[in-house]
Every structure is written in C-alpha cells, then in structure tokens.
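Here's the letter readout for the chains.
There are 2 protein chains.
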Amino acid sequence: MSPNSKGVEILSIGTELLLGNIVNTNAQWISERLSQLGLNHFRQSTVGDNYDRIINAIQEISKRSNLLITTGGLGPTPDDLTTEAIAKSFNVPLFERKHLWDEIKQKLSNSKLQDNSSSLRKQCFFPNNAQIINNPRGTAPGMIWEPIKGFTILTFPGVPSEMKTMWEETAFEFIKNKFSDSYSFFSNTLKFSGIGESSVAEKINDLLNLKNPTVAPYANLGEVKLRITARAKSELEAKNIIKPVKEKLKKKFSKFIFGEDHDTLPSVLIKELAKRNETIVFAESCTGGLLSSSITSISGASKVFQGSIVSYSNELKNSLLNISEEKLTKCGAVSEEVCEAMAINVKEKLRSDWAIAISGIAGPNGGSQDKPVGLVYISITGPNNHITNIKKIFNSTRNRIEIQTLSVNVCLNSLRLILLSKSK
Amino acid sequence: MSPNSKGVEILSIGTELLLGNIVNTNAQWISERLSQLGLNHFRQSTVGDNYDRIINAIQEISKRSNLLITTGGLGPTPDDLTTEAIAKSFNVPLFERKHLWDEIKQKLSNSKLQDNSSSLRKQCFFPNNAQIINNPRGTAPGMIWEPIKGFTILTFPGVPSEMKTMWEETAFEFIKNKFSDSYSFFSNTLKFSGIGESSVAEKINDLLNLKNPTVAPYANLGEVKLRITARAKSELEAKNIIKPVKEKLKKKFSKFIFGEDHDTLPSVLIKELAKRNETIVFAESCTGGLLSSSITSISGASKVFQGSIVSYSNELKNSLLNISEEKLTKCGAVSEEVCEAMAINVKEKLRSDWAIAISGIAGPNGGSQDKPVGLVYISITGPNNHITNIKKIFNSTRNRIEIQTLSVNVCLNSLRLILLSKSK
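Protein chains in written order, with the working numbering: chain A, -17 to 406; chain B, -17 to 406.
Treat the hints as calculated values from the structure; they're not laboratory data.
For every residue, glycine included, the Cβ atom is placed at its ideal position computed from N, Cα and C.
There may be inaccurate statements among the hints.
Stated by the list, open to error - Calculated lysine-lysine pairs in the DSSO-like style (CA-CA distance at most 30 Å, straight line):
{"#": "1", "chain 1": "A", "residue 1": "LYS257", "chain 2": "A", "residue 2": "LYS185"}
{"#": "2", "chain 1": "A", "residue 1": "LYS309", "chain 2": "B", "residue 2": "LYS309"}
{"#": "3", "chain 1": "B", "residue 1": "LYS230", "chain 2": "B", "residue 2": "LYS253"}
{"#": "4", "chain 1": "B", "residue 1": "LYS404", "chain 2": "A", "residue 2": "LYS285"}
{"#": "5", "chain 1": "B", "residue 1": "LYS404", "chain 2": "B", "residue 2": "LYS207"}
{"#": "6", "chain 1": "B", "residue 1": "LYS331", "chain 2": "A", "residue 2": "LYS285"}
{"#": "7", "chain 1": "A", "residue 1": "LYS215", "chain 2": "A", "residue 2": "LYS193"}
{"#": "8", "chain 1": "B", "residue 1": "LYS373", "chain 2": "A", "residue 2": "LYS89"}
{"#": "9", "chain 1": "B", "residue 1": "LYS185", "chain 2": "A", "residue 2": "LYS104"}
Said to hold, decoys possible - Here are some chain B residues the structure puts well away from chain A; computed CB gaps all over 12 Å:
{"#": "10", "residue": "ASP84"}
{"#": "11", "residue": "GLU128"}
{"#": "12", "residue": "ASP163"}
{"#": "13", "residue": "ASN194"}
{"#": "14", "residue": "LYS228"}
{"#": "15", "residue": "PHE264"}
{"#": "16", "residue": "GLU266"}
{"#": "17", "residue": "ILE326"}
{"#": "18", "residue": "HIS368"}
{"#": "19", "residue": "LYS374"}
Build the full structure now, drawing on both the sequences and the hints.
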C-alpha cells in the first residue's frame, strides 16, 4: 500500500446479519486475505438492507479509507440495494450492460426466468466507468469502481462460495497490484496435541513478542496451533525468516507437535501407517462411530483403515467382540478389562496390524459415583501385541459431543506417540 | 424501546478479528438476543486493539445510538484498552474498586498471580458511576455505564463463554427493563428434509411477505428451515399469531417437515423408534462411521441403537457381513446387490428390528465412468423384511465430506418416511 494510504475497510450488508440469523464468516475470510496481502485493514462495519444506512456508511468510509470491500445485497430481490446505494452515495447513475444480461440468460436453464422483465435484469446495472467482476458460480456480478480519486470500491455477493471464487479469480490480482506494497505476509502453522494453549503460551513468552516473524497461539477443542507469520518480499525470504523460530519451537515442544498447516491427526496417522504398510481397525463404544468417521473423512483412508465394530450395546460387545457376559457383569462395560479385551479381539477378528478400542460414559446420563460422566478407557494394541491402556476423566463441564470429540483426539494422539516411539 | 429511541449498536474490539484469525460469533449471538428482545439493532462495527480508533468509534456511535454493546479488550494485557478508551471518550477518570481486586485474588489458585503488582489489577478500574457486570467464568468484569444522558454502554470480554454467562445473568434483565418495550419476539422453526430451499421458498411467496409473524427460510447442508417469528406481548399471544401460519405450512409441506426447533433427524428417529420399542443397526461403507456417530451424538441413542459394522474394506464386507467374494467381484462393492445384502445380513447378524446399509463413492478418487464419484446406494430393511433400495448420484461439485454428510441425511430421512408410512 502506498505510503500515504489510509487503509482498507469491509462493509457487510444484510439484515440477516443484524438479526443474528447467520455468522459473518465472509468478513473473517476477507480479513485473512487482506492480512496476507499485508494491507492495513483497520475497520469492519455491518448494516442491514436499508438504503439510507448503506449510503451513510459508504460516505463515512470514503472519507477515511482508500479501499472498501462490500459483501451482500447484489441479488435480484427488492432487498438487494448495494449497487444502487453506492451509486447514489456519489450521485452517479446506473446503466445496463447488455452483454451481462445475455450472459445471465445463458446461465439460466429455467426458461421462465429468461423473460426480459425478470427481476434478475437488475443485476446488469452498473456505473459507466465500473469494471465488472465476473461471478462464475452465480448470476450476480460485482464491480471494481473508483467513484472519487483515491477511493475504490469492490462489491461481492453475500454467498460465500460466489464471493470466494470472484476474489480468487479477479479481485486478488487487482488488489495486489494496485494496493499491496512489495511486501506480503506468509504463514506457517505448527499443530500441537496433548498440551494446552496456556502451557504452550507460557513456555514461549519471548517468542510472542517478536515482530517479524510474529508468533500467535490459537486453540480449538483438543488442538493447539502456533501461527508463525513473516512479512517479506518473497516466499523464499519469508521461509528464511520463519525457519529459526520454527526450529526453536520444534526443539522445545518436540513430540507435542504433530504436524503443520493442513495436517490433521487423522491425516498424519494415515500417512504414517501407509508408510509402514500397516492397517488399523477400531472397536468403539462411547464414541459410537466418531473415531471411524474421523479417519474416513480423509481421502486415502482405505489404504490403512479396514473397518470397525461399533459395539454400542453390551449384547454386541458379547456377540461381535466375544467379551464374556461374565466379564461385562463383573467389570462393567466401562472398564480397563473390557476395553483391553475389545482391542485384542477386534484386532484378531478383523485381522489388522493395529487396533484401538474405546469405552466410556459420554453422558449426560449413565454416570455414577464410581464411574462418572467423562470417564473413558482406551486400549491400543499393535503388531507386537503389546497393550497400552489409557484412562481419562474429562472435566464435568464437558458436554456429550465434547467428551466424544476429545476422546477421539486422545485415541489418535496416543497412537501417534506409540508409532513415534517405534518409528521405523 | 422508547418511541424516540435511536437504536442499539455492537462494537467488537480485537485485532485478531481484523487479521481474520477468528470468526466473530459474538456479534451473531448478541444480534440474535437483541432481535428476540425486539430492539432496533441497525449497525455493527469492528476495530482493532487501537486506543484512538476505539475512541473514534465510540464517539461516533454515541451520536447516533442510545445503547452500545462492546465485546473484547477487557483482559489484563497491554492490548486490552476498552475500558480506558471508553472513559477517555467522555473525558472521565477510572478508579480502582478494591472489592473487585479481592474477588479476583480469590478466583486465582496460582499464588504468583496474587501479587499486588499483577497485571490483572488493571481489570478493577472503572468510572465512578459505572455498575459492574460480574464475570462468573473469568476474571475480567464488565460494566453498565451511562456516560452521557440517553447513551448507555455495556462491556463484555471477548471470550464467548464469559460473555454469554454475563449476558444471561446480568445484562439481559437490565436491557429488557430499560430498553425493550413491552413487545418481544418469539420464534418457532419448522425443519424440512428431502426438499430444497428454493422449492420451499417458491411455494410460499405469499407468506414471505407477512409482517407479523414473519416467515424466513434458511438452509444448511441437507436441511432447510423456516423460522416463523411473532412480535407479541406474551408467549401465549405469540403462539396464537404463529399458529395459523404454522398450520398452513404443515398442511402444504406435510411429510417434508420432520420436526421443530431443536429437533434433528437423528433425534426424531430415536424418539420414533423408542416409541415403537424397535432397535436399529447399520452397515456402513462410504460413510465410514458417520451414520453411526450421527445417531450416537444424541443422548438416549442407546435406547434404540445397538451398534454397527463399518465394513470399509471388501475383506470385512466378506468376513463380517458374509457378502460372497463372487458377488463383490461380479457386482462391485458399490452396487444395489451388495448394499441390499449388507442390510439383510447386518440385521440378521446383529439381531435388530431395522437395518440401514450404505455403499458408495465419496471421492475424490475411486470414481469411473460407470460408477462416478457421488454414486451412493442405500438399503433399508425392517421388521417385515421388506427392502427399500435407494440410488443417489450427488452433484459432481460436492466434496468428500459433503457426499458423506448428505448420504447420512438421505439414510435418516428415508427411514423417517418409511416409519411414517407404517406409523403405528
């Protein structure tokens, strides 16, 4: 961005945002891209589908910024007011672009909508000197328009898939060339498992104050990430800035780091097992299929995953996994003994190299003083038939879905650590 | 809200929002609550952790609104500037509330943090006439403050769980009493399956223009919802306003409507099967456990769900489900023949009343001209051993996760329709 630049703003337009009907994921997505471009993005606003309020917002923004990104309000309904309001903000008329109407008609399979009086025709009106942003995934185009010197507006529809495609195919190059200086931001994310966000942050207080690269921690349920971001003129330069910090982190946290960027625990495990040419099966009780589906959500799972037995009822633990009724009665389904037997038997029955079994109480009902909600047993066994038993008691504030999700996480991370210790 | 009122705004404060590191779910959550209270909420803004920009935003908002909700910037770090910037906006000093510091010290188990010089102490400073909003889930309190006549500010931390608890325990009553008129909004949502959003919307053009109640359509992957919202003085009055529209919709869409409000397809099925005292099992291939986990994510699943076999590999289709190698070779694993046999065999083997089997190609690899990615077979069989076979070809733009999710949806909705046609 040029030295005398004022910055970028985002204006989200749509009454559904003010009513709280939808979360504004568009603003987050665009913000992320603006910061990757190294742009000075300092404010976001949201207004409803209200002509006067859209105009007020645009006029304000034109006084303090030099680039405005809008989303929403480009469709065919009477509520869609964005282009009209923008033009009115600068007292400029709209003109129909005939070729756009032809394009829209071509896109429509429904002949009823091809009527020249269709409400869709509204989407072809733009200020005379606006450049069109094609919309390959929908009918409403956007525009790039500089209504007054030093202030440019880019408009996008509110539908995320349309907005993203238009950004990537048209807007990105325009913004990069016109507004981004020769510096860009490049990020590299390290992913952690088996350690909490505060424990990570406490150990790297020095790194959190760095300016280039910056290091920022984030956390989802059961997963902690550190994003290392460098400002540089090229990707190569950025990698060199990131490298020493990344190596320091890898040394400090070693086995807590399971991967980078797009890696997930399932994807890392599939890769590792495939490398070893080993297979895996599961016996699931309290997670009820979630462990299996976490693996099969990844393309390529079939290379290592053979299948699983979801033995939710005790009858099936007995009939499918040969857990004796005696053991079920004596130890209970949620016990180390039963879980271990589930792992051994599923591995043998499904003829696999590795097996994980899990049995616990996901709640909210079914807990007791001895065996509270959140108690989970996990057993893992591998090619050498060694058994690893894990007992976890999740915090009582955790709900059913969280207990299931965190349990799957512990299963996957525990197997990862076992594989790591026996790396070939 | 009083007749001469100007309205409510939300100001979200945090550089992480401008960098796109997090999605602003707080703004959505608060918006939803404001609209339930019938408040006139017409604008949202986001600024970073920047002293001058926070002040600018607050001064602007104080001129056009009479209630401002802020989130973020209440913590102990130097980045947390909200209270300071608000006070500065109206040139008012901050004073320490001694009892708050005592409370914070009590909350902390870590003795290091109890040092009187702790950065947390900053959280105890407020304008003299501000009312404190207790934070039962964290250390940073918020405030209710009227710096100038006719303009009130409520501050909340950015951590969603803390903000929500403070809203529910303190802010809600205050706002309702001071700003909400005697009217509130009440909603009732009808949920659809097996029909698209545009098909629903086309059929109810007249209802979409109603003023009280309003009818608004929403869609997630595989699920369409219509929210009917009434403005009324009491819940009973609202129900009476909603009732005729709801009955009209129920008549028009009959079996496409599977439930209301918190109902989900799995929860509705569990309830229906429990009522019949019937059990269910699954044989999953391409969904790899997702169908099972959709059922077991619901508390009470164990009443009807016994378990399932995730036969991802052909070997397990053979060894666990007795699908002959000959049939697998001749018809292929993704075929009506194999899927039907999976359903029949899993029902018999797991001794259940109902069984669903599913086999398909979730992609992105593994497709062919004959059997493209997105081809899915589903077989359902019940107490009378009648078989329902379903063949689906999902659009080629669908990714792996979408194909798996939509397949699970078709399984659940198809079973729902079968149960409906055989309702007891």
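These are the hints, each one checked on the structure:
no.	hint	in the structure
1	LYS257(A) x LYS185(A)	violated (33 Å)
2	LYS309(A) x LYS309(B)	violated (38 Å)
3	LYS230(B) x LYS253(B)	holds (25 Å)
4	LYS404(B) x LYS285(A)	violated (42 Å)
5	LYS404(B) x LYS207(B)	holds (25 Å)
6	LYS331(B) x LYS285(A)	holds (27 Å)
7	LYS215(A) x LYS193(A)	holds (16 Å)
8	LYS373(B) x LYS89(A)	holds (28 Å)
9	LYS185(B) x LYS104(A)	holds (23 Å)
10	ASP84	holds (24 Å)
11	GLU128	holds (24 Å)
12	ASP163	holds (18 Å)
13	ASN194	holds (15 Å)
14	LYS228	holds (19 Å)
15	PHE264	violated (8 Å)
16	GLU266	violated (8 Å)
17	ILE326	holds (17 Å)
18	HIS368	holds (24 Å)
19	LYS374	holds (18 Å)
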